[in-house]
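Q: Since the structure of chain D is already known, use the hints to place chains C and L on it.
Residue numbers (my numbering), protein chains in the order written: chain D, 1 to 308; chain C, 1 to 292; chain L, 1 to 421.
If you are wondering where the hints come from, they were derived from the structure by calculation, not from laboratory data. Note that the structure is a prediction, hence the values are computed from the model and not measured. Treat the hints with caution; some may be incorrect.
[Claimed, not checked] According to the in silico footprint, chain L covers these stretches of chain C (three or more CB under 8 Å from chain L): (1) 10–16; (2) 32–46; (3) 122–133; (4) 137–147; (5) 213–219.
We put the beta carbon where it would ideally sit given N, CA and C, even for glycine.
Residue-level listing of the chains:
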Amino acid sequence: MGTWGFLAIAVGVAAAAFGVAVWINLDYLFFAGYVILQYVVLATAWNILGGYTGYMNLGVSAFFALGAYTTVALETALRLPLPLTIPAAGVVAGVVGFGMGYLTLRLKGIYFAIATLALAVVAETFVTNWDYVGGSAGAYLLHPRRGPWFGSYTEYLFLLMLILATLAVVAARTVERSWLGYGLTAIRDDEVAAEANGVPTLRLKLFATALSGALMGMAGAPLPYYVSFLEPASAFNLGYAVTTIAMPMIGGTKTWLGPLIGSLLLATTQQVATVTISSEVNLLVVGVLLVGFVMLAPNGIVGWFQRR
Amino acid sequence: MTITYSLLVNAIITGLLMGGFYAALSVGATVAFGLLDIVNIAHPTFAVIGAYAVLVLNRTFNIDPILGGLLLTPVFYAAGTLLYRVYYHFFERRGDDAMRGLAFFFGLMFLAEVVLIMLFGVDFRYVQAPYITTTLHYGAIALPLRLAVPFAGSLLMLVALELFLKKTFIGHAIVAVARDPFALRLVAASPVRIKRIAFGIACASAALAGAFIIVIEPLQPAVGRDFIGRVFAICVFGGLGSLPGTVVAAISLGLVENLSTVFIGPSWSPAVAFGALLATLAWRPSGLFGRG
Amino acid sequence: MTTLSRRIIGAATFGALAALTAAAFSLPVAAEEPLKIGFTMAETGPLAGTGKSALLAMTMWAEDVNAKGGLLGRQIKLVHYDDQSNPANVPAIYAKLLDIDKVDLINSGYGTPIIASTIPIAMQHDMVLIGFFGLANNAKFKYDKYFGIFPAGEKPALTIMQPFFDAAMTMNPKPKTVAAIYPEMEFGHAIMNGIKAAASAAGLQIVYDQGFPPSMTDLTTVVRQIQATNPDIVAIGTQPGQSIAIVRAISEVGLKAMIVGGGMTGLQTPDAEGLLGEQLNGFVNFNIWLPASKMQYPGVMDFLKRYQERAKAAGVDPIGYYAAPWAYADLQILGQAVEATKSTAGDQLGPYMHETTFKTLIGDVKFGESGEWANPRMLAAQFQHVKGNDIEQFKGTEKLVVVSPAEYKSGNLLPFEDARH
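Chain D extracted, bound-state conformation (with noise of 0.2 Å):
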């Protein structure tokens, strides 16, 4: 099937989502919808970086969280409103993605996992520092009630984040259906076979560092409207980066579907737990099922299903 089809079937189902969200009309299910979406393009966003290519990014808060305070620095010097600091997010993050591939292009494996740590602690530093945004005094976001044509101010939020998940996971089939994704999975399987090879390695990684960060970037974005209330130490949360890790882990890290099925199914869960059982189950859970499947099902949930 081809993009385009794709794309109109995945706006259908999202419509159709949001549908059913908005007849049932309740608050709580905006809510714990926007984290879940949320989680969604975090893992697929991450998958493209980690899963097509092979790179893991620990960093990821470092691009959230960018994400995050991009909104907050736009939003006080221009009074941005949130449709146009989601793509100003997404082009700052995705900068930084560059930037980072750049600087770490001749590393492998290991290295460049604490090359994006060390760039998560750096971004973070900066973040703390700068009073324009707050530092580590945290910056104030108040959001109006309603949102701007009908509905609450959260269901809003869910509509935006929907529609980030959805373009997420199209942009994520897209590539790994292109020549750009057969190239990403030929560093993935050998780089130096695939250079050997004549495959430019050097700018798919590039374009695979910038579009991950660009869409983590976005997914943090309108996360200060969301809390009210953005401080670095939770927004530079390594919890992101553990719970995004674990998703395309535990969902399949080879396709689009992986990362969804991960997301959805550990975010919910997540959600649920939160608000019934103790929370410190929540985050046992997470990690036991990032163990437990990074060890027996190395290809994830979608893999299991597909064993021939």
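A: Just chains C and L now, kept in the frame of chain D:
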């Protein structure tokens, strides 16, 4: 801001002492990573587990923390060999990409942290030992034993390890297994067994490093995260698998951190250390002493 | 295993999970409708120490009220979830509390960032919100149904530091210089502003005011920098882990100054007191309540006795001076307002709570226009003659001497270096 002689000298001393501690914390990671190609990102968390174990020994039996750490090394060694068996069975044998191994340890790290939270809670914990609150003064120089004792312990441990690697058959085998596993078989040593022993030793070092942690600072489950970056920065700077390199890199990092606190201000010092790491990764990833 | 059977297993698992989720979210059928109060509380994460202590106190309040017949004739049920000390979890939890659990009243969790995320939700639902231990949360929102439980009033940082500076200025010779130290985080910045305000009001010169990264484990270098500026006063604003680190660093360096302390949270709990023991001697720190003779309000000593009996088993702060009475008072106020207005509606409760002086076990509470305390009340107390590490010595006011303000004073201030021996 006035920079006095006393301030500078003591900052240097603190940097040196902390550097020694960092070296103890990093040696396990550099052995695992450099000689065994195992990306054990959970190593600092293993040290935290060690620290909690030391805490329990101290609170229940009144055992001195450093002694407790020593007593725990065989336990951690055994656990390490067991962990290696699991790792080998699921990952190395299959020849999967290194990413999966990394994800495994990443998940383990998180899991360990959560279990520690469930067992011990999130409050800061401390041990009691007479040298923790003692500081020796020599003129303008203050030497806190809280830092000096772990430093001494760390140096001893590193010297012992280096001798082991250089002077014993198994030590030679460990160094060799990274370079040429086949040749190793020719001298009738099983590479898998050697790797298992090496990983066990790396984990054993975590027990002692954990004892140092809880002597130096308050303990809480997430404290391992503060060290991940530093540990791997040191592994990279020092060149993987090189013990002298680790020591030099660790001490350099300690000095850089403390001196940047003095000259630039404390709020930028994490960025200085990690910025230096990024720069090194960008331009000379094999580190100062590395194999290239 | 064939592909088909895998798919069947998969579908069955999915179905089971969906059914479980539905069950978890199904609305309970109650025989007699209890009055539900919903909130988040930090049971894990850095804020959990105080959070769990507060939770125990709140549970005790609910039990006490239920034993007397409940509120408005209904039994009270506390519905709470763990926010993991992370503000990002707050919105979804309150959405569940309000939409699905259908709570009648809400309360906040613990701490400024958590409360900050909660106020917009209260505003959206037009409900009264009492904020437990937040600093100046309402300044940005100006919500007329917000009420803060923390005796710091509208300018909390200044109120926290003021008694410390007042005590300092009673010393002879008068101090002239101040070194300030704080962590790079919201709390630290707020305290620093308070220090600046108090210092300037007293005509003092600030000679050091650098922040340090919250993750910094070894503060001896920072303390030495401070010593190099030779300050008379060392004003500190830190969170629990850092407070302990800095007391140790100061002891190691052998800091010399006339008076040291100020806004160090975490030193008010037995954990820290027991650990640091004699190293605490001389530190003058803020306290919100101590069992000084003039502060033994009706009900508080009895409450503490009952609390202390349960605290050890519950694994929370065993002495409970810091958070527990205040959490109890938080719900006392809410309960009294509901009882008086016979309603749980925000429009009824809000105005009532603004006009009334409540009698609680931490004294009389009157809220100002901003929702913060109209009459701030903060103490500065100095650790004196602490011996060894036994925590029993910290009960009462023998080792923790109230030195400021004058009306609650229980002893005299000692110069820092004298108290160190």
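Q: Each of the hints needs a verdict: does it hold here or not?
A: Hint by hint, here is what the structure shows:
Counting residues of the region 10–16 of chain C whose C-beta sits closer than 8 Å to any C-beta of chain L gives 3, which meets the bar of three, so the coverage hint holds. Judged by the Cβ-Cβ criterion of 8 Å, the region 32–46 of chain C is not covered by chain L as claimed, because only 0 of its residues qualify and three are needed. With 6 residues having a Cβ less than 8 Å from any Cβ of chain L, the region 122–133 of chain C passes the three-residue criterion, so the hint holds. Chain L is given as covering the region 137–147 of chain C, and this holds because 5 residues of the stretch bring a CB closer than 8 Å to a CB of that chain, at least three being needed.
Interface restraint, the region 213–219 of chain C with chain L: holds (3 residues with C-beta to C-beta distance below 8 Å; minimum three).
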